[in-house]
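Asker: The residues making up each chain are set out below.
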Amino acid sequence: MNKISLEHITHHYGEKKVLDNFSCSFEEAKNTSIIGPSGCGKTTMLRLIAGLEVPQKGIIKIDETVATENEKILLPPHKRKIGFVFQDLALWPHFTIFRNIAFGLKDGKGGKVSPQVNQILDLFGIADKTRKYPHQLSGGQKQMVAIARSLVHQPEIFLMDEPLANIDVKVKEEILAHIKHLKQQLGFTMLYVTHDHQEAMQTGDKILVMNEGVIEAAGTQKEIGNSNNHFVRSFIKL
Amino acid sequence: MGGGVTRQIARFVPAVLLALLLLGPLLALLVRWLTSADNVSLLAFINTSTLLLVGKSLLLSGIVAILASIIGTICGFLLYRLKFLFRGFYKMLLLLPLLVPPYIFAVAWKDGFQWLFGINSAINPEIGMIIVHSLVLFPLAMLITGTALSQIHSGLEEAGLMRVSFRRMLTKIILPLIRPALTISFLLILIISLSDFSVPAFFGVNTFTTEIFTQFSAFYNHQLAISQSFLLVLLCLMLLLSENKYLSDAPFFSVHVKGSSTKHYSVSKGKTILHILLWILLVVVLVLPIVMLFHQALSGREIFFSRAWELLSPTIFQSAKLAFLGALLISATGLWVAYLKERSRFPHLNTMLLLTFIIPSTVLGVAVIKFYNQPATNFIYTTILILLITYVARFGFIAARIIGNGIKQIPGSLEEVARVIGIPPVKRFFSISIPLLLPSLFTAFVLSFVLCLGELGTTIMIYPPGTELMPVKIFTIGANAPLALTSSMTLISFGVTMLFILAFFLTGKIIFNRFRYE
Numbered sequence: 001m002n003k004i005s006l007e008h009i010t011h012h013y014g015e016k017k018v019l020d021n022f023s024c025s026f027e028e029a030k031n032t033s034i035i036g037p038s039g040c041g042k043t044t045m046l047r048l049i050a051g052l053e054v055p056q057k058g059i060i061k062i063d064e065t066v067a068t069e070n071e072k073i074l075l076p077p078h079k080r081k082i083g084f085v086f087q088d089l090a091l092w093p094h095f096t097i098f099r100n101i102a103f104g105l106k107d108g109k110g111g112k113v114s115p116q117v118n119q120i121l122d123l124f125g126i127a128d129k130t131r132k133y134p135h136q137l138s139g140g141q142k143q144m145v146a147i148a149r150s151l152v153h154q155p156e157i158f159l160m161d162e163p164l165a166n167i168d169v170k171v172k173e174e175i176l177a178h179i180k181h182l183k184q185q186l187g188f189t190m191l192y193v194t195h196d197h198q199e200a201m202q203t204g205d206k207i208l209v210m211n212e213g214v215i216e217a218a219g220t221q222k223e224i225g226n227s228n229n230h231f232v233r234s235f236i237k238l
Numbered sequence: 001m002g003g004g005v006t007r008q009i010a011r012f013v014p015a016v017l018l019a020l021l022l023l024g025p026l027l028a029l030l031v032r033w034l035t036s037a038d039n040v041s042l043l044a045f046i047n048t049s050t051l052l053l054v055g056k057s058l059l060l061s062g063i064v065a066i067l068a069s070i071i072g073t074i075c076g077f078l079l080y081r082l083k084f085l086f087r088g089f090y091k092m093l094l095l096l097p098l099l100v101p102p103y104i105f106a107v108a109w110k111d112g113f114q115w116l117f118g119i120n121s122a123i124n125p126e127i128g129m130i131i132v133h134s135l136v137l138f139p140l141a142m143l144i145t146g147t148a149l150s151q152i153h154s155g156l157e158e159a160g161l162m163r164v165s166f167r168r169m170l171t172k173i174i175l176p177l178i179r180p181a182l183t184i185s186f187l188l189i190l191i192i193s194l195s196d197f198s199v200p201a202f203f204g205v206n207t208f209t210t211e212i213f214t215q216f217s218a219f220y221n222h223q224l225a226i227s228q229s230f231l232l233v234l235l236c237l238m239l240l241l242s243e244n245k246y247l248s249d250a251p252f253f254s255v256h257v258k259g260s261s262t263k264h265y266s267v268s269k270g271k272t273i274l275h276i277l278l279w280i281l282l283v284v285v286l287v288l289p290i291v292m293l294f295h296q297a298l299s300g301r302e303i304f305f306s307r308a309w310e311l312l313s314p315t316i317f318q319s320a321k322l323a324f325l326g327a328l329l330i331s332a333t334g335l336w337v338a339y340l341k342e343r344s345r346f347p348h349l350n351t352m353l354l355l356t357f358i359i360p361s362t363v364l365g366v367a368v369i370k371f372y373n374q375p376a377t378n379f380i381y382t383t384i385l386i387l388l389i390t391y392v393a394r395f396g397f398i399a400a401r402i403i404g405n406g407i408k409q410i411p412g413s414l415e416e417v418a419r420v421i422g423i424p425p426v427k428r429f430f431s432i433s434i435p436l437l438l439p440s441l442f443t444a445f446v447l448s449f450v451l452c453l454g455e456l457g458t459t460i461m462i463y464p465p466g467t468e469l470m471p472v473k474i475f476t477i478g479a480n481a482p483l484a485l486t487s488s489m490t491l492i493s494f495g496v497t498m499l500f501i502l503a504f505f506l507t508g509k510i511i512f513n514r515f516r517y518e
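Chains as they are written, first to last, in the numbering used here: chain V, 1 to 238; chain P, 1 to 518.
Please keep in mind that the hints were generated in silico from the structure rather than gathered at the bench. Since the model is a prediction, treat every value here as computed from it, not as a measurement. You can trust all of the hints, since none of them are fake.
DEER-style ranges, computed between Cβ atoms: (1) Leu82(P) <-> Ser138(V): 25 to 35 Å; (2) Ser138(V) <-> Arg167(P): 38 to 48 Å; (3) Ala503(P) <-> Thr65(V): 55 to 65 Å; (4) Ile73(V) <-> Ile9(P): 16 to 26 Å.
C-beta atoms are modelled at their ideal positions from N, C-alpha and C, and glycine is treated no differently.
One chain only, chain P, in its complex shape (with noise of 0.2 Å):
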């Protein structure tokens, strides 16, 4: 009895201490909207100009949504359901503009545009925002239809095989067993674009969350802010409804999906096509945007290099340093959220990342000013942990996945034989859990680094004094500084998160064969 009430206070006091950090802010913000509104009606803000933003900015996130959706479906299937040359290679040059801030690849577009077209080009900030979306976000519909893709019993598709054409098998057995997929690809993407803050604001289009950052940070209009906030986040909440059952489990976030036995065509005509296609979208996506911001920061000559170099190398170890703690942090959190989940049958705290995850970044930058900016927090307020309680609330979700779904790949019975002989809880948890669990908390590590040293959104809005971080640096400076300076931070900044991912590669190519049992 005894035993079993401090077993529940152990599982339930950082329980509620988790959702008190990470969703206290936001109820805070809510009754802050419902009590506050001057006697004037809580939906005055919603005018014909309000309207057309969130309209606008559908659109664009709508555009994105379905141009990303696209091209990642096909890659998806190119990649994870065809047999041919360097497969691997492809697939994990195409996943990385996942991985590198979306902020790098706006400033090299921007570049891009006005070396192609000239300063007073004609080409819209909206088109510019709608390709650097499309281009950093398709991998990640890439990676959701893909492991749906992996996830199909060879046999479904040899059955259908017997009796139709691969034309037909493909529209009327592959895409409606991927269909939540395609959904779930769709959904997340646009609730992304539509968060997003840091390639809107580097274009200068107004969207929904530019508008809440220029309310909130430039004219001190609070009220408004958080009005606006909560529109958006009942637009996210809306999207994230519709779907929530197969979000919340998220099977793409995974490191191996073990099981089923997958059918991989080869491709015997068009192997030269697919790899001149393949290079192309490596080209466009990667080569292209290094190219235009070499090409931007060499214009500027040596001098703008030297003192991009002296603005930004104070800020690189302190943006590792936080994005390393940051990290662990997110880890930490995401192991035991997911071990509540897959083991303990408590999946509440698994939906409070979701929930704090489709939030908006300057959504939640509001949110975490006004509950933390207190006598009481200012602990908090001031110093790196209010940074880190937001990317706990930004990316905890994506940890919490990527190790939820590794805990599902362990046998339930490899943790009970060692009940059965008595292995005590703590000692099962590091001896058995912990190094089967190792790839896929390493890949959630090195996912949760790279996020949090290239988050711009919510950083901008609540670093606190004496801080200073690469991609607000950058930000910061680029709205006066001369685009050829702009682009050598740029590059600098796209430098370090490259050497970070091949040192995390390298480190990650031993674990995963060390940890490899097969």
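For reference, chain V alone in the conformation it holds in the complex (with noise of 0.2 Å):
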């Protein structure tokens, strides 16, 4: 069953036209790891999922159920139960690593500490820095919390723009691992985008290779590594 469907997306950022006549769907409770160059259309494609951004053509479709059509948002991101981790992060800086997660949960008022923060705290090992603030933290850190805050609302779609870029291999390697552990848990659908084709082929069940707003290629990663596709071929370097 798919989670998630774009139909004839065409999307445009003034005269650039970003996507044109775009579609594809992804499964539910799959990984599916998005790659290519900038400027491809890879982030535009997460935000128009999320609700962040209206197409100007083509239907978007969570569940069946039609989020967004035409030019109109019909269901608003926050009931699309998703989790976005963006590639600036987002860390709120002015709140500390508790708030950052408990905020926007009911019972995470008042600074009490709820089971569900604590939780996640202590899978993502950073039950010890929730007095600090974001600034505080070193980078894998922050991505740590980052994702934390994301699936500490328990999403059913989980996307992800480039979250890992800029942080060594070994913090990246762990954070991967953490992500794929949460996935067998909670059995999210998964939306990674990234332009390390390594990093794609470690995460993702299925591969999309995009370029100029059109899919070039998608499938699981033997599919892709047979691929006679040119710019398949020289974007991963087969």
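Make one complex out of these two single chains by using the hints.
Answerer: Here it is as structure tokens:
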């Protein structure tokens, strides 16, 4: 069953067309890695799915329900059961780590430690950082907080926009292992945007290769590896 | 659908109301000028004397703009790009003249000239005006060019230095990159000098702005004042249009410029000369005016000081109260206008505030009187509401840009992530945006407060009955009082302003430290 469907999406920023009559779908509880060069429309696709932007044309369905249709948001972002990790992580600098994670949870007010928050803090190994502010953490710890914040709301769809850029390999592997573990536990549908093909191969059940708003290839690691598409071969350096 | 319409109404109704309150007087003035010319040509007032006055005003302000831009650009480079001890201290003190009402410096220098050269001094009032305007306005050029210099990425300069000498890199890379800032600082100083009423009025220089005031308030020749106002508005508009894009964003009105890694050059030789030069500037800009005020005030014996206090003390609380209300209103309007521009892609109110910002003070005074002096709007005309509306028109743009540039530095993703997890818009605004904007909001408030406290050009024309304000009192008493009394009053006014600045500075330190996340 398709968790997310994009049908004939056209989206442009001013004069620049980012997606043109773009269609694709994502199966429930699967990991899809989306790779492609800068400006190919990867981030735009995630933002459209999250409902943060509205396409000029086309339909976006979540669980077979129309969420966006022809410039209209029918299902607002917070009702899409989505967790979003932004490229810049978007940690609120004036909130402590605890408040960053608990903000928006009904029982997270007044500094009371909710079991839900504690659980996720323990899982990511950042329980001792609750009183700190984002600027007091290392790059890897910030990534952990951003991911923990998105997952504490128990999303059904987990969107990650190049969250592991600019961190060292060891921390990256540690975070990827956490995500895999959580994925098995929570069973969410994950869309993972990256420009690093090795990271994509490591993370995705399925890989989508995009270029200039078009899907060049889609399939399993093996299928992508065997692809004859010129762009795919040169981009992934097969 | 219903929600969308409600949202549109909630956005546009206040926008239309603000436009009506601020632009209404200017549009009404235009209509009045076009329709009541008594069958005489609309341009009949343009004669030789008018043209000479325009030429004289432009010449004086042009000289001011050149001098202030040169001094400001040099200071901008020294203080924003060189690495040396007490850089922050010099920067803070040299920016101070921007916060102190210009009439204080005008009185001080006028005193100084009389003290140095005698009452019948050969020093021309025009020269006095040029000196005071240049010294008061060069910090603006310093701020604008300094901000632009801070935004040049070090890589651009280092790449240049690999191939050419520092001097050549300065002229071929740095100067072309800050060209818009240089142009805008020149234009802005030209417009502000052209529009200022207080300094030429205190020196007795007849400029276009003072002429409008005289025609309107002394000779009651409203038609001529209105016609002259339009000529001045036209001049300012022409200047504005030449660099509208850069001015409407005004990146220099910002609390903290984020991002680029700026190259700072260390000073090995000539450190002593640099400190001496900066101290000379500080003495001329700040110390000398205060000494001159003290000298003149004390020369009249204590009796003048106590008389000055007697006259001025009732106005202090009222001025502070009005400045506080004005600053609150300006900051709230600025926040709203900035949010509409930066987050809702609705820049029209920002453009409107830019327009009212460049309108000369006396022109705004004429427009506001003509528009609100009606039975239906008497509740505005006869109360402090008229002053508050005018303050928003005069200084709303500065607040909107300080806050707008603050908003620009908050990544949109911080609000979007809250949206995804279902935080309602109002909670998002107060929990995320406002705390992050506090330094910008505070700066906008403080700047608005000191500007309202020292505003004279419009206030003197429109202050309602029963209102006694510091600058107006000093100006009206100063017209016929002994110089020692005027100096004493000005010194008190300076002291009060400095006390407020000090209080804000200390509060600001706490706010900036508490809300800095880096």
